[in-house]
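**Q** Sequence:
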Amino acid sequence: MVIRPYGYAMWEAIQDYLNVKFKETGHSNMYFPQFIPYSFIEKEASHVEGFSPELALVTIGGGKELEEKLVVRPTSETIVNHMFTQWIHSYRDLPLMINQWANVTRWEMRTKPFVRTLEFLWQEGHTAHATLEEAEKEALQMIDVYTKFAYEQAAIPVIAGRKSKVETFAGADKTYTIEAMMGDRKALQAGTSHNLGQNFSRAFGTQQFQKANPKARQGISLLNAKVNDRSLLLHIILAIVLFTDENGLRQHVWQTSWAISTRFVGGIIMTHGDDAGLMLPPRIAPVQGINESDAYLDFLILRAKMLVVIVPIWKKVDEKTGVLDAASSVAETLKNAGLKVKLDDTDQRTPGWKFNFWEMKGVPLRIEIGPRDVSSGSVVISRRDIPGKQGKVFGISMEPSILEAYVKDRLDEIQSSLLQRAISFRDSNIVDVSSYEELKEAISLGKWARGPWSASDADELRIKEETGATIRCFPFEQPQGTKTCLMTGKHADEVAIFAKSY
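For this note's numbering, count along the sequence shown from 1 and bump the result up by 354.
Careful, some of the hints might be misleading.
[Claimed, not checked] DSBU-like cross-link-like pairs, simulated, lysine-lysine; straight-line CA separation at most 30 Å: (1) K854 <-> K844; (2) K854 <-> K528; (3) K540 <-> K466; (4) K519 <-> K743; (5) K818 <-> K762; (6) K762 <-> K540; (7) K694 <-> K746; (8) K377 <-> K540; (9) K670 <-> K746; (10) K397 <-> K502; (11) K423 <-> K397; (12) K670 <-> K540; (13) K794 <-> K746; (14) K528 <-> K694.
[Claimed, not checked] DEER-style ranges, computed between Cβ atoms: (15) N783 <-> V671: 50 to 58 Å; (16) K502 <-> T700: 51 to 59 Å; (17) G745 <-> E791: 18 to 26 Å; (18) W707 <-> D847: 29 to 37 Å.
Hint data in this document are derived by calculation from the structure and do not stem from the laboratory. In this text, a Cβ means the ideal position worked out from N, Cα and C, and glycines have one as well.
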């Protein structure tokens, strides 16, 4: 998949927001290698089993067959743990909280732009903790970061919850998820956070000592000085990390990992778009022109939380200067108010063509200025979320304080409107069910089914085989009262959401 500038600018807007949140929660950015020894993947049995069909392997390098195959990064838990074994020796080294922005490769057989691609971009966080409670708190904290981003920035009303055992990430004890309903009513897993327990730390010997062990540290230092063979050195170091003398107690660290990817760009497009093109929330929308063979525009990409495009309109040559001056003044007013603005003053396309172009691009607000507007000291403003004449307002004053307040209010309204529209769409397409027959009917109609569940993994797989739907999550928000499993008729503690997904 090639991500063109407009789509990549949306990804950058996501990065800008999340980077701030990651650092606020104590995480640091770093980078790990893309090529991972296959033996690392094999160390965690359920991990290799879960990822094996999706792995891309490198067997030849420099024209020679490699002694050990290399895996093109599908995710980084294994190589992260390889390094954690060398960085974590004491409780004083914890918690260790890192994040990386990277590309990953998973051998998808059926691709769909942004949603399922052989290679995609993402961030992946990895943390190590002294206790299970700390790891669980971290996993829940990060799914909450994703949830707030989805609601407050992307205007996507995700449902946050816990994955079933069948759907849990390979190698994790628990997986938390945010599930979004797309315009075709399919579910999109928009972000996940995993409590890995001690599974990877046991596989890799990642331990923290309850008491500092100076003998172990001294031994590692001596070995670094005397042993040249890196693989031999690694095995000796691991042996020392696993060593506990009579004065020291040892235990494996507790870990988490969490990620969000360019799939979220696809989620924004499929949640809010319509037949006319994109419809982007003001806090996500980028703005730029195109650089086609006709050389229409070569605009600089502008990333911002709120965006406006200004289209000046003139027919006669003697009208051009006055209209452009007024448009430039309006643009300057809004820029001074902290808004990102694009003045589309090219004369290579008609105003109608520009209207359609910016509508297709999903820019939240369009300001039109013609000769009569200049004379009256006003502008015409159109909202992308309300098509046609209904979304167009005439006679908005150019007076800076009035125009600034009006534009900011409308942008806030658009952000809220898109969220409320998505909530209404989601809620109207979730059906509460109490039996398997009702579930099958809901799924056959393309809806999500929500019902009590305490059945087995085999029952869950049966539903997937017979309906194509899976348990998307057990929502954090659960209804009160006694519940009876829709499949078995036995008591159920939770309701689950079933849906077809990408």
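**Q** Failing hints, ascending?
**A** 4, 5, 6, 8, 10, 12, 13, 14, 16, 17 and 18
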